[in-house]
Amino acid sequence: MNENGKMTVADKNLGKSRWLNYMEQLEAESIHVFREVAGQFERPALLFSGGKDSITLVHLALKAFSPGKFPFPLVHIDTGHNFPEALAFRDKLVEEIGAELIVRKVEDTIKQRRLTEPKGKFPSRNWLQTYTLLDTIEEFEFDACIGGGRRDEEKARAKERIFSVRDEFGQWNPKLQRPELWNIYNGRIHKGENVRVFPISNWTELDIWNYIRSEKIPLPSIYFAHEREVIEHEGQLIATSEYVRPSADDAVSVKSVRYRTVGDMTCTAAVESYAKTLDEVVNEIIATRISERGETRIDDKVTEAAMEDRKKDGYF
Amino acid sequence: MDLLRFITAGSVDDGKSTLIGRLLYDSKNILIDQLEALERSTKNRDDGSVDLALLTDGLRAEREQGITIDVAYRYFTTPKRKFIIADAPGHVQYTRNMITGASNASLIIILIDARHGVVEQTRRHSIIGSLLRIPHVVVAINKMDLVDYSKDVYEKIVADYELVAKQLELPEVTYVPISALRGDNIVDKSTVMTWYEGNCLLEFLEEVKVESDINLENSRFQVQYVIRPQTEDLHDYRGYAGKVMSGIYRKGDQVTILPQHKETTITKIETAGKEVDEVFCPQPAVIHLEHDIDISRGDSIVKTEDQPVVANEVDALLCWMDEKPLLQGNKYLLLHNSRVVRAIVKQIEYKLDVNSLEHFPVEEDVKLNEVVKAKIKLAAPLAYDAYKKLACNGSAVLIDETSNTTAAAVLLQ
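In the order they appear, the protein sequences are chains V and A.
Going by the numbering used here, the first residue of the first sequence is number 21, and it counts up by one from there.
Going by the numbering used here, the first residue of the second sequence is number 7, and it counts up by one from there.
What the hints contain is simulated information worked out from the structure, not anything from laboratory work.
Note that this is a predicted model, so its numbers are computed, not measured.
All C-beta atoms, glycine included, are put in the ideal place defined by N, C-alpha and C.
Errors might be hidden in some of the hints.
Derived list of chain A stretches under chain V, where covered just means 3 residues or more per stretch with a C-beta under 8 Å from a C-beta of chain V [stated by the list, open to error]:
1. 105-114
2. 157-164
3. 247-257
4. 349-363
5. 400-412
Under the rule of at most 30 Å between Cα atoms (straight-line distance), these lysine-lysine pairs were calculated in the DSSO-like manner [stated by the list, open to error]:
6. A/Lys274 - A/Lys337
7. V/Lys89 - A/Lys274
8. V/Lys236 - A/Lys34
9. A/Lys330 - V/Lys195
10. A/Lys268 - V/Lys83
Chain A stretches covered by chain V per the calculated footprint, using a threshold of three residues with CB under 8 Å from any CB of chain V [unchecked claim]:
11. 80-92
12. 266-273
Isolated chain A (complex conformation) (with noise of 0.2 Å):
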């Protein structure tokens, strides 16, 4: 059994949360004690319906407003596959958690209101979808109850969304057409829509290829701890603990230490204190090296005939997070996985609108959910490969010193 990672985008008007709260009741993934809760909370409704959406608002600030502010992560497993959903709010002002929830999916739902079609925040929920290079898109195309389940309706909004697919380069779309409330297509098959002959939603999730969105090839790791027992019979023992990013690892592979440019061999490899002959993807290990070299945490190992970019100044797309703007000239500290490195944002060259890709120039500060274009300047190299070649390694995470917090998300270029 594998695990996929998905992310549902679509905003409370398209019912995002009933289609989830769908995905658990109707697979059986909601116990008794959660349905009679919910029960108790929707005991107000007129009809007497259990309210689905319910299920997944899990702050009381969300329940009385009947809205999703942040990310939350719902599991769920079928007899083929365990799913992670993480269930992010739509809405432009919540754009920085769609962004959070989509950085570790592989797979995205855009759900479209039939009544509706193809809107404003269809086209930036698949903007962002493809800025994250998510390899998986499934559009959803819900309350199909309300056209009365017109095929027509539903060869319009296909048409539509192709234009999108085209213009983003999308990969890969699915579409499926729903109703959440009603349970079509979701986990069984829907009675009314027969002119429908693809899988229905979950069939869907359970089956689609996975395996090959790992990167075999460019092979990627950097020390997150030194392990140094320096015990009577380890007091020798110098290994560098972390994870492969990706690719594989194999004893007596020849590497190079960056950014440090030292080149050395792989003696040993282990996982869980065991030797193995190698480790690929993401499996966690501890690399021992032939020569004595400095190296700390954040350092990269990387094969000597496949090295990323070692640079000192960097392009990057900044998705801004912070209620404080980013001014040009502003000071940061750049975390790339287990690296840290100071940065000056030095130059802001665009910005980026997320509902039609267009580049507007920037006139005053950088605000909240805006994505712009920027040059940063770090005070280290940083061994680093675009994004959109290897997200592991061409991704970080910008954060303000004054405050601590996670200000920006750095997709490097």
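Excised from the complex, chain V in its bound form (with noise of 0.2 Å):
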């Protein structure tokens, strides 16, 4: 009974409760939107990009799809410049799942289409990846691509639909979304259009983090501190490797760190962290003050409507 002497759920059922918490809620509407793209789409594809948000996707997918086989190619847009790490994770992943496993690199899409190389001394090839990526759609015919796109990421991304409609170009349209009602998904489309479909698009960081700490979903070693040599620049830690040189004037030293989000090695920072277990990486996202792309993307911080742009050229 509660206060008003009213019967709750819980009495109803003899004492047992009956509600999901926040996190097992979040659970049960990517399952229904993964289960909705196999549903309603003949060719869909999982983007993946060996970071924790598609790590997390596809261990929904396997709920959502368990004991059938996993029903989409995980497709890698390479753009060369990944952290190793990520690359060995990525193909011990697949071969556990049993997943098809695609990867187009940035490099080729570069070299065919004669496109210029990004200068600078952190030349991040992020922005390129929207040629391959669409590309790789057009070779395929995918009518439904899955990302790992959060709305708490970004302003831009907070109007965009569970599943967004793109045109032929790959283009976003804000101004001319499909209303999404309900739990109930339109994913019509005409030919040569696709979808990107979001399942985790009401999940913020902290909940990846939790999630994957209560489902004990294993990652990257990036992800906790480890030592590495890293150039400050700006306020923020980038690693030095084949890609990012340091030059003479830059101060180079090897700090413990750990990395919040894993793109490329040229546009993704580092944080200073002694974080090495779960545990103590979640605790450091509670009590941090920045968001993740403003701590550790550099390629965001250029105008405010950066990713409404981006978004609207075809980039995931």
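These two chains come separately, so use the hints to put the complex back together.
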């Protein structure tokens, strides 16, 4: 009984509480979305970056379709600037779950399409991935691409649907989005169009970490504190590598760092940390006062509308 | 910790974005770099203050025009709850966006400008909330600082709104006098309005009981996907994957498959590959049945003792969401969760005025943002409940097959 003397749900069912906590509710919503994709589309694919969000997607998809086989190929748009740890992790995961892996390289697109390589100290190919992604969608005729985008990441993403229709040019038109009501997902498209699907739209960074912790999902080692040679650049720590070479006036040092996101070595910054376990990482995330993208992505700082512009161009 | 999804209804001038900004800001859910970006974009303001409204307007056009065009989702967490806010525009031309945001909300905050009291817009937002059966209503009377924090003004608005609540049969209404701009009664109790004895807004949002909003009585499950591994060791495996939309399912339950009207028994239930004794709403599940029945995506598995309506012709309220108007006799696809059925809007009975609830005859075609009562004829039977009884199985959308866009929200009657 509650304070008003009314029967509660728990009373009616012999004292058993049938109420999902927020984590279980988010998981249920994501699994529902995954099954809608499998039910509605002929050639869906899961865009896999090797980061924690796409690893979480794989874990959710395994839950959604068990014991059936993994129903989508994993597609990795490879900039060539990967963390070796993330690549090794990717290959091991693919083998474990028995999924098909499709890798398409930005390097090849640059050669074929005579694209101009980015210049500067941190020559990020992040933006060029759009070309390779759109070519890959065309090559395999994917009608749905599942991505790990979250609405808490960024203001433009906050407005995107879970089923987000892209035109033949891969473009997102924020003014022509379909109304998305209840848990009903309209994935009908014309030939040449595709749908980007974001099953973890309603998760926050902290939700992802809490889920990884409670589900004991393995992650690439770079998410935990390790020693690395880094350059300090405008308050951010960027690892030295064959793609990022320090110049004479750089402050180079070896620090204990971990990564909060895993993008390219050229556009992802590390954070100083001694957190070696998931518990320690989660505690640091709770305590942080800087957003994930703000702290770790060099590429989002350019303009207020940087993400909106890239999404309109067909970015993830 | 649980989850509360709510919508804020109000428009440009009611201070809706400021309220959301205030909730995020005062509950310390805004991070340093976001605040810095905010300061950069508001540095042109004369008084040098930070415009909290800019935290929520995500698209360039919105920032330029200072309005909210589309539904945006915001997230914040307190030690008690995780919150998802659907931040929807309030102006009449964005009714479809508000309906979209309201469709998943279990609570609505209706903002009233204390200087203007209950106006047409207040009524419209309340009507939309009541049409969509949002279980909890909070009336936030904002800009109290502009009426000298007057208790009389507050009480007059409460009395006026009570009439609206009575007319709409709103189940539960809570009133909070606030100033979003100054932070009164949002996260911290107002030091000025000492006459107000209730909870501040955030306390209320943290404590409102939402557990009993889910229906555990009427069991509804629709097949989303059939799992058939067809491997050597699982070659007979055939599981029906879907979500428990409402109610509870147990191993051994006598069930009926609709619309086929075939009876069988649940032999096994799995979640994430593990066998379980029961599943309840909104858990995802894989159900196994005793008999070999032809079942595909969109078919319903319900308990034999408690079945929904199965019909080829339905009455519904349509909230029109497409720029292209609705004409009587037009054909669409009706998407009812995972089931797609061809549909003809056979007869449009009346137009519902969302500002007054009055019925008007439909003289021309039905335009964007209008709500009409219609009879829809279906090419195949639909297993559904009235939206009023069981929203999860009484909601659908109409899709324009030529443009593929979602043309209407459908509330089945």
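Item to check | Numbers of the earlier hints that this structure fails to satisfy, in rising order | outcome: Per hint list: 2, 4, 6, 12 violated.
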